[in-house]
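In order, the protein sequences belong to chains A and B. The opening position of the first sequence corresponds to residue 1 in the numbering used here, with each subsequent residue numbered one higher. The opening position of the second sequence corresponds to residue 1001 in the numbering used here, with each subsequent residue numbered one higher.
Quick caveat, the hints were computed from the structure, so don't treat them as lab data. Cβ coordinates follow ideal geometry from the N, Cα and C atoms, glycine included. Where hints are given, some of them may not hold.
[As the list claims (entries may be wrong)] For each label pair, taking beta carbons as the anchor points, the in silico distance ranges come out as:
#1 A:M56 - B:S1128: 53 to 59 angstroms
#2 A:M56 - B:E1099: 52 to 58 angstroms
#3 A:G47 - B:I1174: 48 to 54 angstroms
#4 A:R49 - B:K1168: 53 to 59 angstroms
#5 A:R210 - B:D1048: 19 to 25 angstroms
#6 A:L111 - B:I1098: 50 to 56 angstroms
#7 B:I1098 - A:L93: 24 to 30 angstroms
#8 A:M100 - B:R1175: 23 to 29 angstroms
#9 A:V37 - B:R1069: 42 to 48 angstroms
#10 B:V1106 - A:L52: 32 to 38 angstroms
#11 B:E1099 - A:H109: 34 to 40 angstroms
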Amino acid sequence: MMNTQQLIASLSKNVPRVAPHALARRIGFGIAAGCLVTAVLVTAVLGVRLDLRVAMQGFSFWMKWTYSISLGVGTAYAVAQLARPIPGSLRGLWLLAIPMLVVAGVGIHELASTPRGGWLALWFGRSWMICPWLVLTLAAPIFVGLLWSFRKLAPTRLRLAGAAAGLAAGAWAATIYCLHCPETSAIFVITWYSLGMLLAAGAGAVIGPRLMRW
Amino acid sequence: MAQSEAQLKIWMLGGLEGDDDAHAALLRALAPLLHSFYRRRLQGSEQDVEDLVQETLISVHTRRASYDRKRPFTAWLYAVARYRMIDHLRRRRLSVPIEDVDDILVSEGFEEALGARLDVESLLNTLSPKQARAIRDTHIDGMSVAEAAVGAGIGESDVKVSVHRGLKAIASRIRGA
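Starting from the given sequences, assemble the full structure and let the hints guide the process.
Below, the structure is given as C-alpha cells:
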C-alpha cells in the first residue's frame, strides 16, 4: 500500500463537488432506476391490465396506489435516515400507520357490506397465491438500485438498512404491480400486498449485511 | 496538533464544495486523529493501524455524501471510523469492546460536537427541574460544581448526583428514540 501522504495527495486531486441534497437525490435515483426496470418487466412479462384506463377512474385502484405509494415514500425516508453513519430519527414513521388503518377500515367496511359467503372470495381474490411472490420478485431490481445508492453512502446498521431498503423496494414494486393486478378489495391489498412487502423486507434484512458492507 | 471541530467542519464543507486544498487539509488533519483513535483501541500491529487509517480516509472521501452539513463533523467521522474498526475486527474474527459514538467523542476530546447533535433544551425539559438545572449549570454554562451548588442552594454531592442521573436518563432516552 502507498503511504498515507501519497494517498491523501491522490484523493485531493480534482475533488468533485457534492450537492447539498446529494444523499436524497442518490436514493431517489436508485429507486427510480429500479422502478424503470420493474415497469419494463410488468409490461413485457405480466402485461398491463386491459381495463387500466377504466380502473384508473375507480376507487379501488387509487386506494391501492395511495397505500403502496405512501408506504414507498415513508420507507424511502427511512432508507435515507439509515444511509448515514449516525442514523437520523425514525420517529416520523408512525405516520405510516395512517394509510394502513385507512385501508384496514375500508376492508372492514367491505366485509360488513358483503354476505358472509363472499368473504373468502374477497380476501383471496384470484391471485393471492402469486401476488406476494410477484411483489417480492419485482422488488429485486429496485433493491439493486438501492444497493447502487448505498455505494457512496455510509449505512452502519446494515441489517436494519437492508430491511428498510427491502421494504421500500417492495412498496414501489407493489405500486408498479398495480398496473397489472386486477384485484379490487382492500382486504386483499392489506393482506397479500403487505405480505409481499414483508417478504422483501425480510430478504433485505438477510442479504443486506453481506451486500451493503463497505 | 489536533484541530477543533469547527476547523475540521470548515475544511469538510470546503471539500464538499469541490475545494481541493480544503479537502487535502481535512484529510491531513484526520490522519493523526484516526491514528491515535485506532492505536488506542487495537492491540494489533502498527501496520493494522496504518491500514485502517488509510481505509478510513478513503471511506471519508468516497462516502462524503452521507455527511449532513447541519450536524457536527466529528460525530460523523467517528461513526465512520467506528464502523471501519468493527469491520476490521469482524474480518479478523477478533472482539474488543467498542464504545458508542457519544463516548468516543468524549474520549477523543470532541465533547462540543455532542451538544449540537441533540436538541438539548427539549431533552433537558424531560428531566426534573433540579437535574436540568444542574446539567445546564455545569455542562452548558460552564460553572464548577461548587458554583452550581451555591447557585441552586443545594449540596455539591447533590449537584453531582443530579448531573449523573440526569445524563443517564437523557442517554437512555436518546438510545430509545
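Structure-based check of each hint:
| no. | hint | result |
| --- | --- | --- |
| 1 | A:M56 - B:S1128: 53 to 59 angstroms | holds (57 angstroms) |
| 2 | A:M56 - B:E1099: 52 to 58 angstroms | holds (55 angstroms) |
| 3 | A:G47 - B:I1174: 48 to 54 angstroms | holds (50 angstroms) |
| 4 | A:R49 - B:K1168: 53 to 59 angstroms | holds (58 angstroms) |
| 5 | A:R210 - B:D1048: 19 to 25 angstroms | holds (23 angstroms) |
| 6 | A:L111 - B:I1098: 50 to 56 angstroms | holds (51 angstroms) |
| 7 | B:I1098 - A:L93: 24 to 30 angstroms | holds (27 angstroms) |
| 8 | A:M100 - B:R1175: 23 to 29 angstroms | holds (27 angstroms) |
| 9 | A:V37 - B:R1069: 42 to 48 angstroms | violated (32 angstroms) |
| 10 | B:V1106 - A:L52: 32 to 38 angstroms | violated (59 angstroms) |
| 11 | B:E1099 - A:H109: 34 to 40 angstroms | violated (53 angstroms) |
Hints 9, 10, 11, counting from the list given before, are not met by this structure.
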